[in-house]
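**Q** Spelled out, the chains give:
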Amino acid sequence: MLEVSKLKKSYDKLDVLKGVDLTVGKGEVVAVIGPSGSGKSTLLRCINQLERADSGTITVFGEDLMHTDQRGRAVFADAKKLHSIRLRMGLVFQNFNLFPHMTVLRNITEAQVCVLKRNRKDAKENAMRLLEKMGLETKASAYPCELSGGQQQRVSIARALALDPEILFFDEPTSALDPELTGEILNVIRNLAAVGMTMVIVTHEMSFAHDVADKVVFMEGGDIVDQGTPDHLFGEDASERVQQFLQRFNR
Amino acid sequence: MTSEQIGTLFGLMLQYAVPTMKIFAYTLIFSIPLGMLVAQLKMCRFKPVSWLTNLYILIMRGTPLLLQLIVAQYSVPNIVKSDICPGFLRDLLGGIDIRSESYTFNMMLIAFVLNYAAYFAEIFRGGIESIPKGQYEAASALGFGRLQTFFRIVLPQVIKRVTPACSNEIITLVKDTSLASAIPYMEIMYIAKKQVPTYASLLPLFMAGLFYFAFAMVLTLLFNIIEKKLNYYK
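Residue numbers (the working numbering), protein chains in the order written: chain A, 1 to 251; chain B, 1 to 234.
Everything labelled a hint here was simulated from the structure, so no lab data went into it.
You can take every hint at face value.
Here are the computed lysine-lysine pairs in the DSS-like style, where the Cα-Cα straight-line distance is at most 25 Å:
{"#": "1", "chain 1": "B", "residue 1": "133", "chain 2": "A", "residue 2": "8"}
{"#": "2", "chain 1": "A", "residue 1": "81", "chain 2": "A", "residue 2": "6"}
{"#": "3", "chain 1": "A", "residue 1": "8", "chain 2": "A", "residue 2": "80"}
{"#": "4", "chain 1": "A", "residue 1": "81", "chain 2": "A", "residue 2": "8"}
{"#": "5", "chain 1": "B", "residue 1": "133", "chain 2": "B", "residue 2": "47"}
{"#": "6", "chain 1": "A", "residue 1": "13", "chain 2": "B", "residue 2": "133"}
{"#": "7", "chain 1": "A", "residue 1": "6", "chain 2": "A", "residue 2": "26"}
{"#": "8", "chain 1": "A", "residue 1": "139", "chain 2": "B", "residue 2": "160"}
{"#": "9", "chain 1": "A", "residue 1": "139", "chain 2": "B", "residue 2": "228"}
{"#": "10", "chain 1": "A", "residue 1": "117", "chain 2": "A", "residue 2": "133"}
{"#": "11", "chain 1": "A", "residue 1": "139", "chain 2": "A", "residue 2": "121"}
{"#": "12", "chain 1": "B", "residue 1": "229", "chain 2": "B", "residue 2": "160"}
{"#": "13", "chain 1": "A", "residue 1": "139", "chain 2": "B", "residue 2": "229"}
{"#": "14", "chain 1": "B", "residue 1": "193", "chain 2": "B", "residue 2": "175"}
{"#": "15", "chain 1": "A", "residue 1": "6", "chain 2": "A", "residue 2": "18"}
{"#": "16", "chain 1": "B", "residue 1": "175", "chain 2": "B", "residue 2": "194"}
{"#": "17", "chain 1": "B", "residue 1": "133", "chain 2": "A", "residue 2": "80"}
{"#": "18", "chain 1": "A", "residue 1": "117", "chain 2": "A", "residue 2": "80"}
{"#": "19", "chain 1": "A", "residue 1": "81", "chain 2": "A", "residue 2": "117"}
{"#": "20", "chain 1": "A", "residue 1": "139", "chain 2": "B", "residue 2": "234"}
{"#": "21", "chain 1": "B", "residue 1": "133", "chain 2": "B", "residue 2": "234"}
Restraint ranges, calculated between C-beta atoms of paired labels, are given here:
{"#": "22", "chain 1": "A", "residue 1": "175", "chain 2": "B", "residue 2": "213", "range": "51 to 61 Å"}
{"#": "23", "chain 1": "B", "residue 1": "51", "chain 2": "A", "residue 2": "11", "range": "20 to 30 Å"}
{"#": "24", "chain 1": "B", "residue 1": "86", "chain 2": "A", "residue 2": "73", "range": "44 to 54 Å"}
Here are a few chain B residues that sit away from chain A, every Cβ distance over 12 Å (derived from the structure):
{"#": "25", "residue": "5"}
{"#": "26", "residue": "29"}
{"#": "27", "residue": "36"}
{"#": "28", "residue": "37"}
{"#": "29", "residue": "41"}
{"#": "30", "residue": "63"}
{"#": "31", "residue": "95"}
{"#": "32", "residue": "100"}
{"#": "33", "residue": "104"}
{"#": "34", "residue": "186"}
Fair warning: this is a prediction, and the values are worked out from it, not measured in the lab.
We put the CB at the ideal spot given by N, CA and C, even for glycine.
Construct the entire structure; sequences and hints are all you get.
**A** If you want it as structure tokens, here you go:
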């Protein structure tokens, strides 16, 4: 479903991604872990077109998002194709990025109506169904500022799901939340995994990654150091660097 | 002064309050959209455009409005007279009757609009730049186009943020319209000054002052209401 190979990205002289390879199959849940500044978020941002990679290949849904020509220059798909690819992906941010001037309901319906051209009634029904799933049906007419962080993040997940993405990306979805609120978000993601949603989750929640992910990827310094099943990565035959990182994490 | 005189004076002042309000209204109608455009030009990634816009803002904010108003009045005859003026422009401007009332008003309005657009542009630019990057990223991830992002997501938030600064600017404009009296353009300040020797009294000036004060007061109250309305979210 998603294939990334030899992806490189640098800011000035700082190499953030040094040739990353990643494959995500349909229905697969991939957790990306690693220390801060390892390029996890940048990888997600390149796939979601918030940044443009310098070289490498990204193929999604069998479509060519970008590749590199013989002279080593990045070639991107045309704007129309990029847009159609973007609509099939969802992204959930660390800071929610809800639109503060819109009600919860409007946050979820706006893109359905303006981008997907659904009619307002269908969009609203769809939004209410999602809000119910998130346990937030009573908050439809509230503004984001009236909600807790965990509730805001659930709204932002509903907002992403409203466009029926085929793959959903999470960029540290619980990092901006109080520890006691992370549980509700992780539960939502667990439920999505249970219904077969394809997801890539950048996270610092190790036990969550262990429980939910089909595959765990460890990144450091712009490279994937190790990847495999949770049992492999959290077990004894993981690479030494991974074990070192996890040990410090558990202490 | 008899009460009859006071009544006549009051009627006269009221009559000349109309042109004052005309300057005020036209300046706002044109300078706010123009200010929005100038703000966009200043943020343009093509540097020469941004520099030129910046130069315009610097001149407008760095020189007195009174001077700009007077220069605007003298501009057309001086352009026509100059040696470097291209022929077509001379033909175009030569046909303008610089003694007509509409010429006086239009040139004055151009000066007011250009001056206020520069101030509004800086307010709008500050407002637009204060919108967090995350808003653009969320909009982009949801597939909103550039115009949709600006009009549906950025602009409503900018309006809330710039309203206090704009109300300040708009209330200043109420009083700045009095500079038109120096052109001279017959508005309330002009007529008030002219009536002082006639009546041998400060009453005309006092009435003009009262008019400006009431006008500003109404706007202050109006903006209080608008700001409250915009407070539906934090």
